[in-house]
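Chains A and B are the protein sequences, given in the same order.
At position 199 of the first sequence (counting the first as 1) the number is 199 in the numbering used here, and the numbers step up by one without a gap.
At position 136 of the second sequence (counting the first as 1) the number is 136 in the numbering used here, and the numbers step up by one without a gap.
Misleading hints may appear alongside valid ones.
Unchecked claim - Listed below are the simulated EDC-like cross-link pairs for lysine to aspartate or glutamate, each with C-alpha atoms no more than 20 Å apart in a straight line:
| no. | chain 1 | residue 1 | chain 2 | residue 2 |
| --- | --- | --- | --- | --- |
| 1 | B | K224 | B | D65 |
| 2 | B | K10 | A | E188 |
| 3 | A | K9 | B | E172 |
| 4 | A | K13 | B | E101 |
| 5 | B | K6 | A | E185 |
| 6 | B | K11 | A | E188 |
| 7 | B | K73 | B | D61 |
| 8 | B | K168 | A | E7 |
| 9 | B | K105 | A | E7 |
| 10 | A | K284 | B | E101 |
| 11 | B | K8 | A | E185 |
| 12 | B | K10 | A | E90 |
| 13 | B | K105 | A | E8 |
| 14 | B | K49 | A | D124 |
| 15 | B | K7 | A | E188 |
| 16 | B | K6 | A | D190 |
| 17 | B | K6 | A | E188 |
| 18 | B | K7 | A | E185 |
| 19 | B | K168 | A | D182 |
Just so you know, the hints here were simulated from the structure itself, not pulled from any lab data.
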Amino acid sequence: MSRLVREEKTAFKMILPYFLIIVLLFIFLIGSNIYSSFTTEEGKFTLQNYYRVFTDPVVGRAMANTVVWVVGSVLGQLLLGLLVALLLNESTRGQIIFRSVILILPWATLDIVAGVMWKWMYNDMYGVLNDVLVKLHIINDYIPWLGSENMAMLSVIIANVWKGFCLSGMFFLAGLQTISPDLYEAAEIDGANSFKRFWRITIPQLKPVIMTTLMLTIIWTINYFPLIYIMTGGGPGYGTETVVTYIYKLGFRFLEFNKAAALSNILFVAIFAIAFVFLRNITKEEAR
Amino acid sequence: MKRSTKKKVKKTITYSLLVFLSVVIAFPFVWLILTAIKTYPDIYAYPIKYFIFEPTREHFDKIADMNFWAYFKNSVIVGTGTMFFSILIGLFPAYAFARYEFRYKRTLLAGVMVFQMLPLVVFLLPIFKTLNNFGILNTYTGLILSYLPFTTPISIMFMRTFFLSIPKSLEEAARIDGCTFGQAFRKVILPITLPGIAAVGVYAFLFSWSELMYSMSILTSKAKQTIPTFLQLFVGQYQTRWGPLFAGSILATIPPLIIFMILQKFFIAGLVSGSVKE
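Here chain B stands alone, though its shape is the one from the complex:
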């Protein structure tokens, strides 16, 4: 009896804190939405109008007229490509770092991380020149290629951590049962690490989805540019056009949210804890 009341109190505290945090964290974004559906006189109203105003869709119509959805499509292409190749390229190095004993492990692991050591801005000029030499400037391939040195180290580091959490015995058991390495990897290791791989995939996608400096410089033709470049148009030196800027921001944030909701099931605890128990 005493134990169950204790649990109830704990649960109440947990949920109150979660609700409180959700409200505080969501507030800036809610404010963004409210600003996006206000007319300019309402945006600059004083005292501030919180909920009582006439909503408008003028800012959304404005960005649709400015070809927002073309930029959106370009962002999806680059984001999907970056996500796919970041996982594919990182998978085997990550596995080897987690599983095997070998010489120079520390050195190799440090070496993989080199591109995390410096800000993106440092590499922009040499990458730009290199892409130009290969004739892939102003292509999606060129942009995806220039993102991979920055995303793959992260995918390796984190997938490695997740591989580490799987007991070696699990894989060995599969091998004893007659699985080849490939089968053991596909049927035993991969399903358990899916939450980690999914998290890494979302990371890579969002990296490219959000990145401005490279996409702006490498995709030089207007027809290929991505959402951040589009949004940047509204940020001026002296004046920012909040309405269309925020309308575009809302539409840009929806796809990552949907992807995350689809991937939710991979994060569920049972998947991991069920098969890892020794």
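Bound conformation, chain A alone:
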């Protein structure tokens, strides 16, 4: 009992200074945002900003797009990240080269660079992607990658998987390296094949890292905008407009700060709910 009290004291000493600063800062910043979402330009109380958000057809479209963007990007990034981590964990030679090329190169590429680089490759006329795919006989005609709404969404998701899978890959790899080889040896002696070993040892052992990575990737992807902004600017039409690109447009293009603040607050509630569910599960898991 006294040990627990002592532990608690030490823990609070380590956490509370940081916690208080960050939370007070957040309350201050979000407070100014909530305030502006409930006021008119003249500073009077109003619900108009929220009403205008809910009646704006672009908002609905942007929300649907955000779901597609997040599901596509997160699935792609986590699966590719896991595959790469497993492969790198198996290999011994050429580690430095493989890791540098696969795990760090896309990630080290600046957002703005990744955006213009893919835009250049997707170019209808001079784009290398069409040329290569035609030469490999995978497609017959040039594809206008960023030309139609559905195709543009697929194109930005592909670019985002390329840009973002490294982080999952890196943390999965670090996680894999903390799994004791004894576990595998014991399983092998018990006659478990590699498929079984993967599902019975690797995945359960990796679960804390997977859950953390999944949560962060979902939230980051919802909030990530440079790639879309540079490649399509939300277009064509509203084909790749996500909630975040729309907030940016409202705030800094149309200068409707208060409406942008209202939409930000709605987004905040949604993300908070997602994070709440994840954190509950993560800490419950560890409490066992």
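Place chain B on chain A using the hints.
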């Protein structure tokens, strides 16, 4: 015998897949390099010129003339600062979350994450005003401070995961041997978690290295601006100047690559598995 052939097949498949993935993943960047060393007529040549063209360094000379290296230096200052403080500030909260049992743990952990809940763009205006009030607008300190709320939660979350993977017994053994908490932390815990800490450090560095919106708005004087702001100059509404843009991109990507190669040794498995085995 059968087992060794099985291993060989497995190895061949692993390496073929790795080589294939490397080629596919590196391709966009290779194409970026090739475009950067082409003259404009070659960039817009049709059919596309892949490898046969006269290389040029005109785009590199152009960005050097435009003071690229000054922007580069600024990026290094901000990136190093962000990395250092993200690790330092995150270390103890991360450790406490991983090690100790205490009330409100879940609430506190959720609270730490608040800044991840919203996109950067939402906080830009209030942060800008606040920095202005404190008189640290247009300073490196101001920019680093505004990055920390976004990077420290990540450093805490991930360092916590890595601390969790160390058995408590290891630390207890050190304490029984007469180490103080500080000694146990420095000599036992820290070395094992170095891969995690290094990964977190690289993350924080790259966050600031790549970030455009804040650095552009907060560093208002040209002499202090960072690489993304420089590159943005070449992206126009109707026309993009691919040559200098890609030349600058290549030079901007080299330092993170070098940092990662230096940190490689911290990622090596032996470091972890050797001392964690129970």
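Hint numbers contradicted by this structure:
Hint check: nothing fails, all pass.
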